[in-house]
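Student: Top line first, the protein sequences correspond to chains A and B.
Be aware that the first sequence starts at 1, since it is given in our numbering, and climbs by one per residue.
Be aware that the second sequence starts at 1, since it is given in our numbering, and climbs by one per residue.
Keep in mind that the hints are not guaranteed to be accurate.
[What the hints assert, rightly or not] Restraint-style ranges between C-beta atoms, simulated for each label pair:
no., chain 1, residue 1, chain 2, residue 2, range
1, A, Pro339, B, Ala194, 51 to 59 Å
2, A, Gln146, B, Gly469, 31 to 39 Å
3, A, Asp147, B, Leu36, 28 to 36 Å
4, B, Leu234, A, Ser126, 19 to 27 Å
5, A, Asp147, B, Gly469, 29 to 37 Å
It is worth saying that the hints were derived from the structure and are not from the lab.
The model shown is predicted, which means the values in this text are computed figures rather than measured ones.
Virtual Cβ for every residue (Gly too), placed ideally from N, Cα, C.
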Amino acid sequence: MSPPPSSLPEETHCRPKSSVMLARVAGSLYWMSRYLERAENQARLIDVNLNLLLDFGHLSSSQLKDHWLPIVRSSGDEELFARLYQNADNRSVTEFMSLCRDNPNSLISCISAARENARQVRDQISSEMWEVLNEAHHFIQRSRPQDLWHQGASAFYERIKRYSHLFQGITVSTFSRNEGFEFIQFGKYLERADQITRLLDMKYHILLPTAAEVGGALDSAQWHAILRSASALEAYRRAYVSEVHYLKVIEFLLFDPHFPRGLRFCCQEMAHFIGLIEQHHCPPEGHSASRRFAGFCARLEREHVRAVVQRGLHEYLDEAQLEIAEAGNLLYQNYMYHPAVDLNAEIRFHQQQEQQQQSEPQQQSEPLQRQTADSTVTEATSKALDPDRNPR
Amino acid sequence: MLFDSYQPENFHDEMFQSRGCPRPHYQAVMDAINGLQGSEFQQRQTAVEAAFMRSGVTFTVYSDSQGTERIFPFDCVPRVIPALEWQRVERGLVQRLNALNLFLHDLYHDQRILKDRVIAPAYLLGAKHFRREFMHSSVPRDIYVHICGSDLIRDRSGNYLVLEDNLRCPSGASYMLENRSALKRSFPELFERAGVRPVDHYPSELLKVLQHCAPAQFRGDDAPQAVLLTPGVLNSAYFEHAFLARQMGIPIVEGRDLLVRDQKVYMRTTAGPLQVDVIYRRIDDDFLDPSVFRPDSMLGVPGLVQAVRAGHVTLANSIGTGVADDKVVYYFVPKIISYYLGEEPILPNVETFLASEPTDCSFILENLDKLVVKAANEAGGYGMLMGPWASRAEIEQFRRLIEANPRNYIAQHPVSLSRHPTWCGEQFEGRHIDLRPYILCGEKVTVTPGGLTRVALRKGSLVVNSSQGGGSKDTWVLQS
Numbered sequence: 001m002s003p004p005p006s007s008l009p010e011e012t013h014c015r016p017k018s019s020v021m022l023a024r025v026a027g028s029l030y031w032m033s034r035y036l037e038r039a040e041n042q043a044r045l046i047d048v049n050l051n052l053l054l055d056f057g058h059l060s061s062s063q064l065k066d067h068w069l070p071i072v073r074s075s076g077d078e079e080l081f082a083r084l085y086q087n088a089d090n091r092s093v094t095e096f097m098s099l100c101r102d103n104p105n106s107l108i109s110c111i112s113a114a115r116e117n118a119r120q121v122r123d124q125i126s127s128e129m130w131e132v133l134n135e136a137h138h139f140i141q142r143s144r145p146q147d148l149w150h151q152g153a154s155a156f157y158e159r160i161k162r163y164s165h166l167f168q169g170i171t172v173s174t175f176s177r178n179e180g181f182e183f184i185q186f187g188k189y190l191e192r193a194d195q196i197t198r199l200l201d202m203k204y205h206i207l208l209p210t211a212a213e214v215g216g217a218l219d220s221a222q223w224h225a226i227l228r229s230a231s232a233l234e235a236y237r238r239a240y241v242s243e244v245h246y247l248k249v250i251e252f253l254l255f256d257p258h259f260p261r262g263l264r265f266c267c268q269e270m271a272h273f274i275g276l277i278e279q280h281h282c283p284p285e286g287h288s289a290s291r292r293f294a295g296f297c298a299r300l301e302r303e304h305v306r307a308v309v310q311r312g313l314h315e316y317l318d319e320a321q322l323e324i325a326e327a328g329n330l331l332y333q334n335y336m337y338h339p340a341v342d343l344n345a346e347i348r349f350h351q352q353q354e355q356q357q358q359s360e361p362q363q364q365s366e367p368l369q370r371q372t373a374d375s376t377v378t379e380a381t382s383k384a385l386d387p388d389r390n391p392r
Numbered sequence: 001m002l003f004d005s006y007q008p009e010n011f012h013d014e015m016f017q018s019r020g021c022p023r024p025h026y027q028a029v030m031d032a033i034n035g036l037q038g039s040e041f042q043q044r045q046t047a048v049e050a051a052f053m054r055s056g057v058t059f060t061v062y063s064d065s066q067g068t069e070r071i072f073p074f075d076c077v078p079r080v081i082p083a084l085e086w087q088r089v090e091r092g093l094v095q096r097l098n099a100l101n102l103f104l105h106d107l108y109h110d111q112r113i114l115k116d117r118v119i120a121p122a123y124l125l126g127a128k129h130f131r132r133e134f135m136h137s138s139v140p141r142d143i144y145v146h147i148c149g150s151d152l153i154r155d156r157s158g159n160y161l162v163l164e165d166n167l168r169c170p171s172g173a174s175y176m177l178e179n180r181s182a183l184k185r186s187f188p189e190l191f192e193r194a195g196v197r198p199v200d201h202y203p204s205e206l207l208k209v210l211q212h213c214a215p216a217q218f219r220g221d222d223a224p225q226a227v228l229l230t231p232g233v234l235n236s237a238y239f240e241h242a243f244l245a246r247q248m249g250i251p252i253v254e255g256r257d258l259l260v261r262d263q264k265v266y267m268r269t270t271a272g273p274l275q276v277d278v279i280y281r282r283i284d285d286d287f288l289d290p291s292v293f294r295p296d297s298m299l300g301v302p303g304l305v306q307a308v309r310a311g312h313v314t315l316a317n318s319i320g321t322g323v324a325d326d327k328v329v330y331y332f333v334p335k336i337i338s339y340y341l342g343e344e345p346i347l348p349n350v351e352t353f354l355a356s357e358p359t360d361c362s363f364i365l366e367n368l369d370k371l372v373v374k375a376a377n378e379a380g381g382y383g384m385l386m387g388p389w390a391s392r393a394e395i396e397q398f399r400r401l402i403e404a405n406p407r408n409y410i411a412q413h414p415v416s417l418s419r420h421p422t423w424c425g426e427q428f429e430g431r432h433i434d435l436r437p438y439i440l441c442g443e444k445v446t447v448t449p450g451g452l453t454r455v456a457l458r459k460g461s462l463v464v465n466s467s468q469g470g471g472s473k474d475t476w477v478l479q480s
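My request is simple: use the sequences and hints to build the entire structure.
Tutor: Structure, rendered in structure tokens:
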């Protein structure tokens, strides 16, 4: 049952106005943050892999394909890639993942989506935050594939990463610690957690290790590359003071409680911000994201790397991805997304009300008229205001 | 010296009395700029443009499928208005807006002005933007127009004339503010000792106006909840909407963020619905409420008009103000001023002929090649015939249009707009300008000291609209 529309006003003024935030705004802040984080991860991934190839000398086209395809696959865009390009090599993959407008996960698409979301909430974010995104957008819009090679790919990706870092720093120093901040941070850590699982999963696809290869030069170079793709090599060395060993790498990236790009850390942060967001509101019955996600975080703390690898890393990563996505979905449905009002139902409803008012000569007839109005209203009202929000 | 070769020619030039001889209030600006090389000036001009692009002070070009963003061209030489001159302009604008608000109240209530035969009823009751639905419906504090942007021009003798009133959703105030801050950054030396009156209090003044006009029923202890209603990011003025909302600290909302229940307006927040008291709307009447006006409008809020009529929410500007900036009604504004205020208009109109008056009409039709003809309800420089520059075919087309629908047309003698030195890549040349000041009506009527000076960048052009090759300048009003 939906509440009668007249019961609304009491519950509406209980919040201080300074923290009022449109659901649409929360959604835009969240996506702005996710897209930028995605761009940063992607930039690092391409950069590291271009760099890694330099260690291998000349590679045949099938070797190149083996190198690049898992990377394309990790963002789920393999089919699209196959439609647009014939060969998977340095140029085609780099172009596809960086400047291809048809690829929704390319850097250019991510940056412009982040900027478009920022534009929609231009009044909510600081000018400094906006200017970074706007500048990044204009920079990448101006970039052409040939420039990218001509002027050095590394410098290009470096610049993208810097925009992201700059944005994060500016956000921390200029954005008030209100609900909006929580959505921005939640979006960032969610994307980062998701990316780290994809990164490790990619290695799983590249490497189906035979006993001889484990610890070999190629294997070791690839695990180095994974660490560097997560900006984790230096932190790993400080933590372990030893060789790069694949079990330790997995352990570090998944279960280290302190490394800010690791899965466990990101999930702790997500749980923290979910908690803050749900503190402001009462989540709909049975839809609390914090309770569910807390369970997942607790499991992360108890996990042992050997057991995980034995059970199957790929399966484990899949499961983690699902948990992360589910947390995002719950928050999105509960706070960021209001189903669109059915405009036609709204128009009919208000036109009927109008007519009733005009044909209401006496006050006495009012209660009856009201009732009829209510029954015609329910459809529109329930869609728009019912706390049991419809799924997308 | 950069200004040495500048030719004021046979126009009213804002800066020069005659060649090489600046008006006294421009002396300081001239000295500062004359100290620069052409290349230095160009460098700073380019830097300003890059800064506008970086901070996203842009408008979207609709015709382009990529949705290209352009900056609104900006010229670094400021337009300077001395204090005494401004005082008169200011008094004239205040007088005009006071009269127009009285007129709108009268028109939507007793219609004394029609009963007294000052204006023939047919002109008003048949006007496109007259909203019959709002007869006898009152607005808080009887203010219909809260924000007004009248366009002023100067004729060959330097007299200020009102070219038109914009009483619906006048735009451009954000450019007034951005232009000032851009010029301060790029030419700080110009401001030293110049004594320029600041304009940056405009957003807080605007917020005060919005709060002042909260519904009479508003009983909250807190400030009323104001929002800015935008058509969305695709609108060419979205930059301005976001800019003003940010400066005022109020939420910017789209139609889909609002919902009407029990004749009250709510916005849909993360915490559920929250009531809205005042809406600064940047959407035209027609699109406000699809249950009353255009049913195909996806921008509006069904039920909004009822909420306004019930007095639960205030719109700024009110619905139905467009009737008073109809170009035919413009013709009557001097009479409106005398009728309601018993005063002579301080700022005159441009001499105007009404095609619907038989004697005027024959005069217009005989002189189409000498007159400027305008459609009564068009804006942005569209629907216009510039007689002296028009082709035979264009003239004949307008002849047919006027004969078919005389109520919809007025004509004016072309005014030779004043000119201002403007940077044209290598040197300064004279370009025609106008002035859009911003007038706010809250507790009292105030005019922001400055405004948006628009420049017709094309040589010889009289059309200053941004959609047709116009640019803008910072506008200085001097303290003394």
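Student: Does each hint fit the structure? Answer for all of them.
Tutor: Here is how each hint holds up against the structure:
no. : hint                               : result
1   : Pro339(A) to Ala194(B): 51 to 59 Å : holds, 56 Å
2   : Gln146(A) to Gly469(B): 31 to 39 Å : holds, 34 Å
3   : Asp147(A) to Leu36(B): 28 to 36 Å  : holds, 34 Å
4   : Leu234(B) to Ser126(A): 19 to 27 Å : holds, 24 Å
5   : Asp147(A) to Gly469(B): 29 to 37 Å : holds, 32 Å
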